[in-house]
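A.B. asks: Reconstruct the complex from the two isolated chains, following the hints.
Spelled out from the first residue to the last, the chains are:
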Amino acid sequence: MTSDSAPVDFEILRTMYSRLRKTERFESAELEPKYAPNSLVLRYDLRYFPSFVEEAFLEIRWYTNDDFNIHY
Amino acid sequence: MACMTDMDSARKAGSEQDEEEPNFDDWEEPSSIVSGDRTRDDFLDVALQLREPVTVSEIADRADRGEDSAREYMRFFAELGVVERVTERPERYRADRDYLRWRQVRRVKEEHEPEEIARLLSDVTGRIEGHRDEFGADSPEEVSVSEYAEEHDEDVETVWRKLSDWRTDAERRRILDEALKKAEENVAVR
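Residue numbers (my numbering), protein chains in the order written: chain Z, 1 to 72; chain D, 1001 to 1190.
Chain D on its own, in the form it takes in the complex (with noise of 0.2 angstroms):
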């Protein structure tokens, strides 16, 4: 692993070997990178992090576009259903859970075929196995971060990662699990 706080050393000790200066002139500009193509993509980026009611005008600037149109994206993505008006005044909104759900959902049923996917949710409800046997408990909303650390004389870190696997793959059990649903319904359709 290359460690950047050594890169300006390594670069010096590296310099009489080191062939040529690589141009970095072809690097994109940082701003290019985070922003989309698209105001709509833009938009939808944001909506789709709005773990909170946020309101119309926090949703433009982190988009870094005008108030006016975040005003009308959010109208119509609350018609589509990507988010939820929470309040009127001021116009607030939160991504709507189901919507993101669902979206991870037919992702997963877009990009497996069903006997993948009921590999993935084998290998998923292994790993769930182990973290139970691991923490003695059933679910990781059992156990607090730093007393099992204390108990366990455990870095904090560490646990609450372990933890953050857990609670990660019984996401990724439930979404599997509908996805798999879904997808042997449509071949029973078929």
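In isolation and in its complexed conformation, chain Z is listed as follows (with noise of 0.2 angstroms):
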């Protein structure tokens, strides 16, 4: 991590939201929702989960120094 913080990468979490939220593992894709207005949420598919898991997501946040953190 820069000692200089970045401001959060629109055009990548866009990009990353057109293409990750056609695919089979994840039931929705929010790109900056209300709760986390500078991140992209993908919440997986919960088929694919043992049936105790409640939620299983990601949720991307991506700097425009490609800083990037990924939350899960």
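Read the hints as simulated data drawn from the structure, not as lab findings.
Possibly wrong hints are sitting among the right ones.
[Unchecked claim] In the SDA-like style, the derived pairs of lysine to any residue whose C-alpha atoms are separated by at most 20 angstroms in a straight line are: (1) D:K1162 to Z:A36; (2) D:K1109 to Z:P33; (3) D:K1162 to Z:D4; (4) D:K1109 to D:K1181.
[What the hints assert, rightly or not] Not the full set, but computed from the structure, chain Z residues with beta-carbon under 8 angstroms of chain D: (5) S5; (6) P7; (7) F10; (8) E11; (9) T23; (10) E24; (11) R25; (12) A36; (13) N38; (14) R47; (15) Y48; (16) Y63.
Don't be surprised by glycine CBs; every beta carbon is placed ideally from N, CA and C.
C.D. replies: Structure, rendered in structure tokens:
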């Protein structure tokens, strides 16, 4: 992580959104939702998880200096 | 939240009550997800992410396509104003910042009514006020991540992220502001 902070790269998030929302893995893809306005949130289709898993998602933030942050 | 590292043990523990093994064959190959349906999609994606000048062969590499078509597409994109040619020999390109800004402004205008843009603008302005109050500064550039973290006994990563949110909101406000002006102009013309 560089010492200066960098803003989120909207263009990359948008590109990832347009590619990833079509895949079978994810049930939904939300670009910059209200609860995470600077992220792309991808929710896995729970049919691929054991029944006790209630939620499985990736939250992606990507910055203009190419730092990134993926929360799962 | 599901934690992936726990998945294996979780799967074992859950296997008794768990129905059937899901059919992972339904999942596409990762490579098919990250590459576009068409050559031009791949080159456009790469072109929009050229923050620094990049050679044609590197562009071909990133798009996973041939060098000749990389050159052809970049020359075409340069004509459209999507990228700019920075040097001739070697031929290197960078995304055109004005184009990127224009693209984002246009997208906002397309996706929202003027009233909604005004509301988003007021939301983001409120958030920026919050950042200013929290850091006691007028802009994120004035704040040093490490100094602030040390003085306020906060985690460097947390401070970095808050400042990044601030910078992101500042950029978002510029885009919304421009989009609102353009949208209002359009209304006036009609």
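A.B. asks: Hint by hint, say whether it matches the structure.
C.D. replies: A quick look at each hint next to the structure:
Restraint check: the Cα-Cα separation between K1162 of chain D and A36 of chain Z comes to about 13 angstroms, which is no more than 20 angstroms; the hinted pair holds. Between the alpha carbons of K1109 of chain D and P33 of chain Z the distance comes to roughly 18 angstroms, so the proposed pair stays at or under 20 angstroms and holds. Distance check on the hinted pair: K1162 of chain D and D4 of chain Z sit about 12 angstroms apart at the alpha-carbon level, within 20 angstroms; holds. Proximity of K1109 of chain D to K1181 of chain D is assessed by CA-CA distance (about 10 angstroms); at most 20 angstroms being required, the pair is judged to hold.
Look at S5 of chain Z: its Cβ gets to within about 4 angstroms of chain D, closer than 8 angstroms, so that hint holds up. Residue-level restraint check for P7 of chain Z holds (minimum Cβ-Cβ distance to chain D is 4 angstroms; threshold 8 angstroms). With its C-beta approaching chain D no nearer than about 6 angstroms, F10 of chain Z sits inside the 8 angstroms limit, and its interface hint holds. Annotation: E11 of chain Z was flagged as interfacial toward chain D, and the flag holds, the nearest CB pair being 5 angstroms apart, inside 8 angstroms.
Taking 8 angstroms as the C-beta contact cut-off toward chain D, the hint placing T23 of chain Z at the interface holds, the least distance being around 5 angstroms. Residue-level restraint check for E24 of chain Z holds (minimum Cβ-Cβ distance to chain D is 5 angstroms; threshold 8 angstroms). Contact between R25 of chain Z and chain D, as hinted, is supported at the beta carbon level, the nearest pair being about 6 angstroms apart and thus within 8 angstroms. At about 11 angstroms, the closest approach between the beta carbon of A36 of chain Z and any beta carbon in chain D exceeds 8 angstroms, and the interface hint on this residue is violated.
Interface restraint check: N38 of chain Z against chain D, minimum CB-CB distance 5 angstroms, threshold 8 angstroms, status holds. Interface restraint check for R47 of chain Z: the shortest CB-CB distance to chain D comes to about 6 angstroms, inside 8 angstroms, so the restraint holds. A least Cβ separation of about 4 angstroms between Y48 of chain Z and chain D falls short of the 8 angstroms threshold, and the interface hint therefore holds. With 8 angstroms as the threshold, the beta carbon of Y63 of chain Z comes within range of chain D, its nearest partner Cβ sitting at about 6 angstroms, so the hint holds.
Violated hint for the displayed structure: number 12, the only one.
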